[in-house]
Amino acid sequence: MKFRALRHIFFPWLAAMLLALPARADELLMVRAERPFADAINDLQIAIQDHGYKVARIQRVDVGLASGGYATAEYRLVFFGKPEEMREIEDRYPELLPYLPLKIVIFAEGNSALALAYNPAILQGFFKIDPLQSRFQRWEKDIREILDQFAAQ
Amino acid sequence: MPLIQRLHRFIAACVVCTLGSAAPAAWATDDGAKLYAHHCAACHGSRGTGGVGVPLALPDFLAAADDNFLRKTIRLGRPGRVMPAFRQLSDAEVDTLIRYIRGWAPTGTSKAAIEKSSIKGNVERGGKLYARYCAACHGAHGEGGHGTGVTFSRPRDLPVLAPALNNPGLLAAASDATIKTTLMRGRRGTPMPSFLKLGLKEQDIDDLVVYVRAFKPETLPDPVQSMADEPPVIERASPYDMDKTVERLKEAIGAANMRLIRTESFDRTFSEDSRENKRHVVVDSCDFDFLNQALKIDPRVGLFLPCRFTLSERDGKVSVSTINPKRLSAIFNNSELNQLCDKMHKVYVDILEEATF
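Chains B and H are the protein sequences, given in the same order. The numbering used here applies: residue 1 is where the first sequence begins, and numbers increase by one. The numbering used here applies: residue 1 is where the second sequence begins, and numbers increase by one.
Excised from the complex, chain B in its bound form:
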């Protein structure tokens, strides 16, 4: 009797409570490309450049891990931005700098590669800088398109 009551009252309540929580699926953007890592990272750079951004640096995390004696698959960070935008933010909104330049993480998983980025729209929630809201939205649109292009190639 006790468990019946639990099933009929508690679990619907639990579902309703979970539904009331803030949505999260869109805060982290992640795609898969079904091709070897070497091709995938090349395609990612092309996709970034196609959207008017400059790839500033590729950090080879796997090399650092391997030098420390840790086994790892390929794992890189691709930093990018538009220099004039970065300079403007550097001068006017330095509080944002810990989250810049933009970056995409790419790592190998077997014969495919996964790429992910945080959704730049979260920065508006973090910093509440109204003049930059449209910029964050454009970054979100661009990063979504970059990841889509990367996944589709």
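Source of the hints: derived by calculation from the structure; they are not laboratory data. Honestly, I wouldn't trust all of these hints.
Calculated cross-link-like contacts (lysine to aspartate or glutamate; reagent style EDC-like; alpha-carbon spacing at most 20 Å) [what the hints assert, rightly or not]:
hint, chain 1, residue 1, chain 2, residue 2
1, B, K128, H, E276
2, B, K128, B, E95
3, H, K343, H, D287
4, H, K278, B, D91
5, H, K278, B, E95
6, B, K54, H, D229
7, H, K278, B, E140
8, B, K128, H, D206
9, H, K317, B, E74
10, B, K54, B, E88
11, H, K296, B, D91
12, H, K346, H, E264
13, H, K278, B, E84
14, H, K250, H, E353
15, H, K278, B, E85
16, H, K216, H, D206
17, B, K54, B, D130
18, H, K34, B, E145
19, H, K34, H, E124
20, H, K317, H, E264
21, H, K346, H, D206
22, B, K128, H, E230
23, H, K34, H, D91
24, B, K128, B, E88
25, B, K82, H, E276
26, B, K82, H, E235
27, H, K34, B, E85
28, H, K34, B, D26
29, H, K250, H, E354
30, H, K34, B, E34
31, H, K296, B, D62
32, H, K317, B, D91
33, H, K278, H, D315
34, B, K54, H, E353
35, B, K54, B, D148
Computed far set for chain B versus chain H, every beta-carbon distance over 10 Å [claimed, not checked]:
hint, residue
36, E34
37, P36
38, D43
39, G52
40, K54
Every residue gets a Cβ at the ideal spot worked out from N, C-alpha and C, and that includes glycine.
Using the hints provided, position chain H relative to the given structure of chain B.
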């Protein structure tokens, strides 16, 4: 009307009827493929073979999971266990996704029926069976296995992580019938055996279902509670000038056993041929041992990298800041990762305070 003409009309009508009924299904499949590629494939694999997420294209899974289970799982996710809640999808999109996932079931497999009636059993007996048969993989309290599903966490010959049975998302999504079918069939292609083949009787399985159903749902983990209230950066004012602060920061990083990677002006991080604005300097570092641990918990932690300290000089005053790992962790929906981010937060605070003391 000549026979041949009537025959043509009949064939044309058949073609129209066939197209009329088949086209929506084809579109649904096409839309389903697109929705799946966009929202699911990154974690569950392009063909549902698994990755960061569990494999979906398993006949036993598809036989046990009714549409209601899939619908609620998509909608509610698994709080604290990586799978996010897809509340932005419409009901029609969720249904399209479910039809697409069902397409992986072998031909002739019947769809799991939605079973609302509850199963009766002996919870005490179920507890003893659970301790003997389930706890080694699913944890003594149903807390599940550790880490996620890709190469960084564990070998690829284990394609599924033991689910957390006390997860509120799972408990809300799974009917008694879903749990029972899973126990009876097992999940071929994963370490989950058929309990019938282990020699248990149906009543034993019912007792187990009742025991699992009675799990107290895990308290909602940090990502959905306190993490979202954290400030986005950790920042300390420095009493020193820029050069002195950089020097002290490097010493503090070394004292924390982190490897110093580079020091450069911020503008060099986005353009090699940029001006050298010395008012904003970054110091990159890494603790590879810690990183290796973190990658086992969640392969997506690269978004926290590098361990970067940003020094800014404004009106003659210098401040040092970093991202707040606790705040960023909230978007990962991984309660194990939260614990690591809590440690990282303490390390960052110690370094900043040491450098600016």
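Evaluated hints:
1. B/K128 <-> H/E276: Roughly 29 Å between the alpha carbons, so the hint for B/K128 and H/E276 is violated.
2. B/K128 <-> B/E95: holds (11 Å)
3. H/K343 <-> H/D287: Since the Cα atoms of H/K343 and H/D287 sit roughly 12 Å apart, the hinted pair holds (cutoff 20 Å).
4. H/K278 <-> B/D91: This hinted pair holds, its Cα atoms lying about 12 Å apart.
5. H/K278 <-> B/E95: holds (16 Å)
6. B/K54 <-> H/D229: It is violated: about 33 Å lies between the C-alpha atoms, which goes past 20 Å.
7. H/K278 <-> B/E140: violated (30 Å)
8. B/K128 <-> H/D206: Since the Cα atoms of B/K128 and H/D206 sit roughly 53 Å apart, the hinted pair is violated (cutoff 20 Å).
9. H/K317 <-> B/E74: violated (41 Å)
10. B/K54 <-> B/E88: The given pair, whose Cα atoms are some 16 Å apart, holds under the 20 Å limit.
11. H/K296 <-> B/D91: Violated, at roughly 38 Å.
12. H/K346 <-> H/E264: violated (25 Å)
13. H/K278 <-> B/E84: Cα-Cα ~17 Å, so holds.
14. H/K250 <-> H/E353: holds (13 Å)
15. H/K278 <-> B/E85: Within the cut-off at roughly 18 Å; holds.
16. H/K216 <-> H/D206: holds (18 Å)
17. B/K54 <-> B/D130: violated (25 Å)
18. H/K34 <-> B/E145: holds (15 Å)
19. H/K34 <-> H/E124: violated (47 Å)
20. H/K317 <-> H/E264: Holds - the C-alpha atoms of H/E264 and H/K317 are around 19 Å apart, at most 20 Å.
21. H/K346 <-> H/D206: violated (47 Å)
22. B/K128 <-> H/E230: holds (14 Å)
23. H/K34 <-> H/D91: Distance ~16 Å between H/K34 and H/D91 Cα, so the pair holds.
24. B/K128 <-> B/E88: holds (17 Å)
25. B/K82 <-> H/E276: Given that 20 Å is the threshold and the Cα spacing comes to 16 Å, the pair holds.
26. B/K82 <-> H/E235: Given pair B/K82, H/E235 is violated - Cα atoms ~26 Å apart, limit 20 Å.
27. H/K34 <-> B/E85: violated (33 Å)
28. H/K34 <-> B/D26: holds (16 Å)
29. H/K250 <-> H/E354: Given pair H/K250, H/E354 holds - Cα atoms ~10 Å apart, limit 20 Å.
30. H/K34 <-> B/E34: Holds - the C-alpha atoms of B/E34 and H/K34 are around 15 Å apart, at most 20 Å.
31. H/K296 <-> B/D62: holds (14 Å)
32. H/K317 <-> B/D91: OK: H/K317 and B/D91 at ~15 Å, within 20 Å.
33. H/K278 <-> H/D315: Given that 20 Å is the threshold and the Cα spacing comes to 13 Å, the pair holds.
34. B/K54 <-> H/E353: violated (35 Å)
35. B/K54 <-> B/D148: Since the Cα atoms of B/K54 and B/D148 sit roughly 18 Å apart, the hinted pair holds (cutoff 20 Å).
36. E34: The claim breaks: B/E34 does not keep its Cβ more than 10 Å from every Cβ of chain H (closest is about 6 Å).
37. P36: holds (14 Å)
38. D43: Per Cβ check, B/D43 is outside 10 Å of chain H; nearest 16 Å; holds.
39. G52: holds (13 Å)
40. K54: violated (7 Å)
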